[in-house]
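Work out the full structure: start from the sequences and follow the hints.
Protein chains: 2
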Amino acid sequence: MKVIVLSNVLEDKHRELIDKTALEAGADVCYVNSEADIPSDFSDAEVLYGFGMDTAKRSKSLKWLCVPSAGVDYLMKPGTFANEDCILTNSSGAYGVTIAEHMIAVSLMMMRGLDRAYKNSLSGFWDLNRPSQKSLKDCRITVLGTGDIGTSFAVRARAFEPRSLVGICRSGKASSLYDSAHKIDELDAILPSTDLLAMSLPDTPETRDILSAERIALMPSGSFIVNVGRGSAIDEDALREALESGHIAGAALDVFKTEPLPSDSPLWNTKNLLITPHVAGNLTLEHTLDMNVSMFCEDLLLYASGQPLNHVVDRKRGY
Amino acid sequence: MKVIVLSNVLEDKHRELIDKTALEAGADVCYVNSEADIPSDFSDAEVLYGFGMDTAKRSKSLKWLCVPSAGVDYLMKPGTFANEDCILTNSSGAYGVTIAEHMIAVSLMMMRGLDRAYKNSLSGFWDLNRPSQKSLKDCRITVLGTGDIGTSFAVRARAFEPRSLVGICRSGKASSLYDSAHKIDELDAILPSTDLLAMSLPDTPETRDILSAERIALMPSGSFIVNVGRGSAIDEDALREALESGHIAGAALDVFKTEPLPSDSPLWNTKNLLITPHVAGNLTLEHTLDMNVSMFCEDLLLYASGQPLNHVVDRKRGY
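Chain order of the listed sequences is A and B. For the first sequence, position 173 (counting from the first letter as 1) is numbered 173 according to our numbering, and the numbering increases by one without interruption. For the second sequence, position 267 (counting from the first letter as 1) is numbered 267 according to our numbering, and the numbering increases by one without interruption.
Where hints are given, some of them may not hold.
Identical copies carry no separate label here, and so any pair may be met within one copy or between two of them.
In the DMTMM-like style, the derived pairs of lysine to aspartate or glutamate whose C-alpha atoms are separated by at most 20 Å in a straight line are [said to hold, decoys possible]:
1) LYS137 <-> ASP290
2) LYS137 <-> GLU286
3) LYS2 <-> ASP203
4) LYS119 <-> GLU259
5) LYS119 <-> GLU84
6) LYS13 <-> ASP138
7) LYS57 <-> ASP264
8) LYS257 <-> ASP127
If you are wondering where the hints come from, they were derived from the structure by calculation, not from laboratory data.
Here it is in structure tokens:
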């Protein structure tokens, strides 16, 4: 079995783990930094771990593509796979810690006015003004999308003693960590009692523009929004208006309908909008990369022994 | 019994609670926004709740001063109280939540490079560079000062799954939340295995310059420092050098030897130094003000019935 590992961020310890696993799995591994570097004797490889979109599109021999991302929306278009039966796995589960830390950080930055304090500090301004602050303590938090990311956030948010911590997802079933869990069709009933809406949804037809102008209007005046899932989930124009009017007190967006966010986007200058360039989850945190590699290795052993893989994407469902 | 309540931030609900308590305690309450507004018939008041430093200095009839701050260093100089037997209480216990939230926020901002990401966003720059990140997950955290603030931080930090959470305080005894607790004289032994040093110490002769150049050098390369106690605890010149050299990867200071931080201070332009203008704990968070007022009211009932107060400052110890 030929396996291509496509990455420019792996450290020695990761290669050692992959080599050890490959030996056990009876696989030959070829490490490359880019798809252009794949040698001809690996052009018929059965397995690719990495962002191997060109290979997937071209190679009929590829039987399993494991991508290091959690989101897989970019792999859902027809024509993505030359081999329609190619198994797709993602790395959902590796990003919970890092994205949850981002979510807590930006929530507190917004609610405590730390963005403003930091901005002032850049010009050496000791601001004696003390704007009112909000807190995660006694906050009514709604987690929209209760997968690994949402729930890793909820675990951390719980320690801040929120008044409520409600989970919303497709099934309406979530960890007992939440005070209650609901189906997405109950969202409208829950938004009016949401002080902080924490969104970590995949991009699917069901989630597109799920946070519409009407739903933003349902949220209490002075509430906050964090989005780390996919930018498609929010009506960005409606959010911009709600921020400018002050109805929404703050939003922190790490994902956008168009990325990179165009330099002429009005979002850059929107009041109380904290923009980060899709950095909540990436492989620069050692823990994330470690998890990512070990999840692939677990699946490689399962694959070699013909068992079902742990992290298979349901390509019909889209995540 | 005459009681002066000196504050310009109280809401109706707070005055209602104070009025109700005063009735029970048999006290006459006078609300003023500043000491200059104290009417002559209250110049001999027995109790003052607020920052009544002028009154304390002038009035021999003042028997109890309750300040809304946690730190009381500014009240330790000789001549502060006209009545040397005046009881001093502080509001230590009201600030744990708000300061702990600040500590978590700035720790994550530094460790995840969110300060840099936010700075870029101010000029509409979508930075595709992904600098390496650090995490509270698997972090070796040392909490220096395990009072209400340090321990409120530790409660929240625990949810982020640190590798270790060590408490250091005068007594060497701290909540079982910590993996271990140590006396201050063990600090030198603990610093070499500290990735994040979270400082929340009062200003006392014992804590002044406790984080010296020598101790900063004991910390691992790439470690982080947060200080929310008093600025006197850190040798600021030594910290600046350690930040510029990269030995310390980041520091977040909310308190300084001189406040406001002078506009010509070199700290403003120090690499990887996140400066906030003493905002971690103030009364703008509703929860903090609520706690503050209810702590005073509890003590007012005790005072009226001749019992020891809950929040008395040991003026010899200095906190």
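Going through the hints against the structure:
1. For the homomeric pair LYS137 and ASP290, the shortest alpha-carbon distance between copies (13 Å) is at most 20 Å, but the shortest distance inside one copy (33 Å) is not.
2. Taking CA atoms no more than 20 Å apart as the test, LYS137 paired with GLU286 passes between copies only; the shortest distance there is 10 Å, against 30 Å inside one copy.
3. In this assembly of identical chains, the alpha carbons of LYS2 and ASP203 never lie at most 20 Å apart, being 32 Å within a copy and 64 Å across copies at closest.
4. For a Cα distance limit of 20 Å, the shortest separation of LYS119 from GLU259 across copies, 18 Å, qualifies, whereas the shortest one inside one copy, 24 Å, does not.
5. Taking the shortest Cα distances, LYS119 and GLU84 never come within 20 Å of each other, neither inside one copy (50 Å) nor across copies (44 Å).
6. Taking CA atoms no more than 20 Å apart as the test, LYS13 paired with ASP138 passes between copies only; the shortest distance there is 17 Å, against 43 Å inside one copy.
7. In this assembly of identical chains, the alpha carbons of LYS57 and ASP264 never lie at most 20 Å apart, being 33 Å within a copy and 59 Å across copies at closest.
8. When the C-alpha separation of LYS257 and ASP127 is checked against a cutoff of 20 Å, the pair qualifies only between copies, where the shortest distance is 17 Å, while the shortest distance within a copy is 35 Å.
Of the hints listed earlier, those the structure fails to meet are numbers 3, 5 and 7, in rising order.
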